[in-house]
Structures are given as structure tokens and as C-alpha cells.
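Start from chain A and add chain B according to the hints.
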Amino acid sequence: MPTYNTSQFKRGLKVQLEGEPYSMIEMEFNKPGKGQAVYKTKLKNLLNGRILDRTYKNGESLEAADVEERTLQYLYQDGTYFHFMNPDSFEQYEVSAESLGDLGKFLVEEATCDVIFWNGSPISVTPPAHVELKVTYTEPGAKGNSTGNVQKPATVHTGAELMVPIFINVDDVIRVDTRTGEYIERVSKS
Amino acid sequence: MPVSVARLRRRAEMLARAREFFAARGVLEVDTPLLGEGVVVEAHIDPIRCAVRGLEGDRFLLTSPEGPMKRLLAAGSGPIYQFAHAFRDGEIGRCHRPEFTMLEWYRPGFEHHALMDEVEAFVCAVVPDVNAGFDRVAYRDLFVEHAGVDPFATSLPELRSACDRLGVAMPAGFDDGTIDDALDLLLVGHVETRLGVETPVFVHDYPASQAALAQLHEDEAGRRVAQRFELYIRGVELANGYHELIDAQEQRARFEQANRERRAIGGPELPLDEALLAALESGMPACAGVALGFDRLLMVASGAEDIRDVW
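Residue numbers (the working numbering), protein chains in the order written: chain A, 1 to 190; chain B, 1 to 311.
The shape of chain A in the complex, shown without the other chains (with noise of 0.2 Å):
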């Protein structure tokens, strides 16, 4: 396996500790006038998102991760995977909907995904920062009540649930942030 120096260190670069794959997130140069100098890096690992704090001296180097990022389309889900493709080969992947979690339910059809691949198998998805999504249930609104922040639970097409304003209605389409899962605005009435 391939290894990066010191000073090929920079932010985004794929690097492999204790057999797991880290992003450099954070990279600061320091070095006092007359002294040694040393990179603070900041590593986050890329199967369970904890951040390490790293300190190398000049000359030392760390393995470099099999770590590819693609960009697929979303298919289809079975219950067990989620399917992608590459809108270029046409080649599927499949991601289990156990590694997805909560993301799986903001994932639409031929929705871009940024899918991280290390050794070949995909490890991360990162759908669109914004989708819409179709309102399957809520309580119906009080009439005279639509402003203010008041907020109730609503359930979408993809089954996640999430809080919406008061006047959101069934079938009303609207636009969440996948990033928080948070409703930010309707987009159609129904």
C-alpha cells in the first residue's frame, strides 16, 4: 500500500489507520522559527465519523486508504439493500440498509449520491443536501392557526417522520434537509 509524507499531507487526503479508513479533515503546518516542525492534523474515521487529533513530526508518513468517491444514482430498495448505479457504466452497487440507517428514509428515486468506497465496497452515501418528499400522513391543521412555529409530526413517502408547520396537509409535497432531517419549506399543495 501506497503511503503520503508529511508533506504530501493536506486536507481531504484518504489515509488508513489501525486498519480503518480516516478523511484528513484538518491540516495546520506549525513550525516555531528555529524549531522542529510538526503537522496538526485533524482525522476523521470514515466508517463510524469519530474525529482523532494527530500530531507528526516532519518525515513521517501514514498509509494511504483505498478510498474512492463516486458519485451514483439511487434505484431502488428491497427491503435488505439499496440499490445505486453509476450513470456512466451503468455497473449497481448495493448498500445495506442496515449501514444506511435514518438515511435510507431520505434517499428518492434516481436521487445524485456521493458514495465512498474503501477496498472496493461502499462505505458512506451522501444523498442531496435538499429532496422532496411527499406528506403520507399528518393530523389535518387547525384553520386560523397557520402562522407562528407551532409544529406537528408528519409521515413522508420514504417513511422517515419528521416535524412540519401546522398547515402542511397529506400529499402536500415538501423540501427536507437531509443533513438535520428538518422540514424547511412546501414546495406543491396537494
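Calculated directly from the structure, the hints in this document are not laboratory data.
As the structure is a computational prediction, the values presented were derived from the model and not from experiment.
Note that beta-carbon positions come from the ideal geometry of N, C-alpha and C, so glycine has one too.
Check the hints yourself; a few may be wrong.
Label pairs and their calculated CB-CB ranges [claimed, not checked]:
(1) Gly235/B <-> Asp177/A: 35 to 41 Å
(2) Glu269/B <-> Ala64/A: 55 to 61 Å
(3) Arg194/B <-> Asp88/A: 48 to 54 Å
(4) Leu75/A <-> Gly267/B: 51 to 57 Å
(5) Gly59/A <-> Ala278/B: 52 to 58 Å
(6) Glu26/A <-> Pro2/B: 23 to 29 Å
A short list of chain B residues far from chain A (calculated; beta carbon distances all over 12 Å) [stated by the list, open to error]:
(7) Ala12
(8) Glu13
(9) Arg19
(10) Asp46
(11) His96
(12) Ala132
(13) Arg165
(14) Ala169
(15) Ala172
(16) Leu183
(17) Asp184
(18) Glu192
(19) Arg228
Positioned in the frame of chain A, the structure of chain B alone reads:
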């Protein structure tokens, strides 16, 4: 990066104010070669090596104009200053560029505290919102206050626990490094960010092992200290000055020691600046000198967060 005319003007104005400052004090502007056959050897500073067609042997883009300027001093130039581009291989970061602008000046007859007075007057003259009344603190007091260790009587295990306590991440080879490496780590990881935040501060009386090209001296408690100072403003290391070493033999010994340290950390040894050593041999007047990072001074003046934002 797009050219910013406002940035060009700010730089030009500051250069003009600096030149006025030195003209009023009778310090002569000089312009010395940037390409050298030998260098001022330092353990942790790498010059950029280059080959020149028609010249035998490698040349080096100098890491500071120190050698050539000291040759002028030895030749009787009197007080001199220079704006020089300086080159340091591998130094790339928020406050580092491999090519940067250094303002260096020498004052025959000054010792380092007198030069600190002048550096303070200079910074106040060229940066309008910096006021006089800089602090001065001994290197030892700084570490006692901010890190709870006495740098003149410490050990790697004690420095390791200080790093742990202060949340300073340590590299893998920490225990194989030197006391100075560990002190540097505490300095950049913890102490430095607290320096000069409100009031600019001169740190002085460095451990003898960090003397570089400064004269050594015994402080009132009998510790061997280097007559060296550094200026920090708003957490940025801005200038490094010495009561200059003028003993040719001692200078050669320090260059050779620096080469041994370079070899120990796997770096290439470097040819000594023999012309500088010959100048010291012929007699250089006692003097104090300082190198100030001019780009960093512009960062301080403009509030820029990155050195690339002042070019």
C-alpha cells in the same frame, strides 16, 4: 489568485513607512545576493537547493540574508537593513510560505534589549493600530506560567505529562526526540497562541541549546541563556533577534553541531557559509540583529488569517 490593488497599495505604504523609519535613524538599505554556495546551517531550516548552468557545484536560495549582511558589517558598513526574499523548503501553512519577505537589520554597538526597543518603535511606526508598551518575558517564566514546567530543569516524562494535561497532541516519536523538540511542541500547541493577544510580547533568554546565532550569557540565577529574543503579536511569531555571536570558532562549532542534528533526524548536511566564517575571523563589530517576517507584519496590520492573503 486575483490581484488586489488595495492589497498592493497597503504593502507599498508599509514598505514606504519602513524605509522612512530607517532613513530617519541613519540605517543604510542594502541589497545582497540570494543565491549562496554555503549557508547558515540550522537543524530545522532547509534551504532550496538549485543547480546553475555555468557554475560548479550546487547553489542554495538563502533562508535569510544573514550571511551576506554580516560580511558587509565586517567590512565596515555600519548599521544596515534589507528587505529580502527568503526561501525555506517545505514550509507551507497559514503563516508559512516557501518564499517570503524578510526584513532584516543590524545595529553595531547595540545589545539585544536596545534592539528590542527599536523593534517596538518600528512596529508602532508602521502599523497604526499597535501601541507602544510591549511586554518582555523570559522564556523560562513563560513556560512556568503557561505550562507549569521549568524548561531549564525538565525531562521528557515531565514534558509528556504537561502535554497530556494541556491537551497537546504528541507525535509518535515524542520519547525519542530532544527536550527542545518537546518544548517546541508545547510552544506551538499551547503557549504561543496565548502570546501577545492583548499586548505584543518579547520572549527572551532562550535555553543555550536554542541559541542559534546568539551570544551566550549567564543569567542572575547562573543559568546559561542565549541572548536571543522573539516578538509575538496576536499569537503570531513575528521577529527573531540576537545579540550576535561574533566568535568565528564558536560559530563554526555551532554550524557543525547543527549538521550533526540534521544527520540525526535524517536530513542532508549542508555546506557552511565559509565567507561568513572568514568575515567573523577578520573581525565583525559587536552588534545586535533581527529578522522580521514582513508578510506576517502585514497579516497583523490587515487582520488577514492566511499569509497568502497579503501577497
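Structure-inconsistent hints, enumerated in ascending order: 2, 5, 10, 11, 14, 15, 16, 17, 18, 19
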